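A.B. asks: As they're listed, the protein sequences go chains A and B. Under the numbering used here, think of the first position of the first sequence as 1, with each following residue one higher. Under the numbering used here, think of the first position of the second sequence as 1001, with each following residue one higher.
Please keep in mind that the hints were generated in silico from the structure rather than gathered at the bench. Everything numeric in this text was worked out from a predicted model, so none of it was measured. We put the beta carbon where it would ideally sit given N, CA and C, even for glycine. Errors might be hidden in some of the hints.
Stated by the list, open to error - Between beta-carbon pairs, the in silico distance windows are:
1. B:1019 with A:22: 39 to 45 Å
2. B:1019 with A:81: 31 to 37 Å
3. A:267 with B:1080: 53 to 59 Å
4. B:1065 with A:35: 29 to 35 Å
Stated by the list, open to error - Here chain B is said to cover these stretches of chain A; the calculated rule only asks that three of the stretch's residues, wherever they fall, bring their Cβ under 8 Å from a Cβ of chain B:
5. 1-12
6. 134-148
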Amino acid sequence: MPTSVSVRFTHAALQWLAASNGIDLLHIKGPAVDDRLLAVWPTGDLLSDMPRTVARQSMDADVLVRPDQVERLFEVMHRHGWTTAYHFADGSAFEHAATLTHPVLSPADVHRRFPGIGIDPSTAFERLWAERHTALIAGTPCPVPSLRAQRLVLIVHAARGGALDHSDIQRSWHFATEEERAAVQHLADDLGAEVALAAGTGRLEEYHRTRGYELWRALSTREQSHVRIWVARVRSEPTAAGALRTAIRLILPNPRRMQATLGRRPTAREVARAYAQRARWGWREVAELARSTRARPRGRR
Amino acid sequence: MTVYRIPKGVAFVVPDGEPDPPGVVFLMQVPDGLPQVLQNSAAWIWLVVAEGEPDVADAVAHLVGRARHEVAADVEVFLADLVGRGLLEEGPSLP
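Work out the full structure: start from the sequences and follow the hints.
C.D. replies: In structure tokens form, the structure reads like this:
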């Protein structure tokens, strides 16, 4: 079965599980993207009837779940053969998505929030949910974000990966009308995503000294320095507790990730060695952070 | 005349790049079924139903360039098979 087919079945299966259990899901990225935001094949034939859109290639199905229903969704998925491969804390520094796998279907990336959206995740979900519409994926009606929300998601996702020349940004922003851009900006303002949007659309300097500026500058420019990225992530946390947790988490080794890399459960000795290596690296990072913090005052917001 | 329809919970995908009419359709009873594949005339029969054609045999005959009476019996057998596999269901009959 082609991956593109399997990914669509994953969306359909998740929607069936969600709808049957009163769980709200928004299907994002991949086959959930609106046709108006897809690339178009150049037919080279002026007489041909309609241009053909190019389907997006995905390896997994991305969904955004109402945050207070995350555990319920996991419980339901586990009852239907899904296994949690990576918990939220095992993934990116944003801890935004968990990956679940299935013996037949493509993996599912279950998002509890979307990186770049700064307001409370439940409030953000409700905002996106309020203007959702339905798209057919594998013949199954699936709730998807509004067109302007999809533009925002694609732009911010590309910016996070440092792909500022990504065609998603071209189609979602540069080829959009003034009205369409204004609609995206308005939504970004509501969601606290204005810094991330600015990073993806070449306007980041407008947000200099705003919290999140350093992080999005580091991400969108593919910053290579671990120290700078680490500092930016810590500084982008809105609370001191969050900053401390992020600082520690980015240093500690992750046994689940080690298992994936090794292809087996790491031994106690391997885990201990990883802790020692990370601790040595961490001390150097902490020293660098301290120097950096003294040199550059924390941004306001 | 018996009318067929897609049961709730049956997902279907025509792979990207398939010609018109498609030669392949994948079906799956979500969330726990196993994916199945229909090819060529089997795919056409299922897709004709998916498009809401009331007279499936007539539409399939048109697709394959044959007379309706030449294909009707085989189409009916296959439709009954799909119903038995849970991939189609019978709707209210048309007068």
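A.B. asks: Does the structure break any of the earlier hints, and which numbers would those be?
C.D. replies: none
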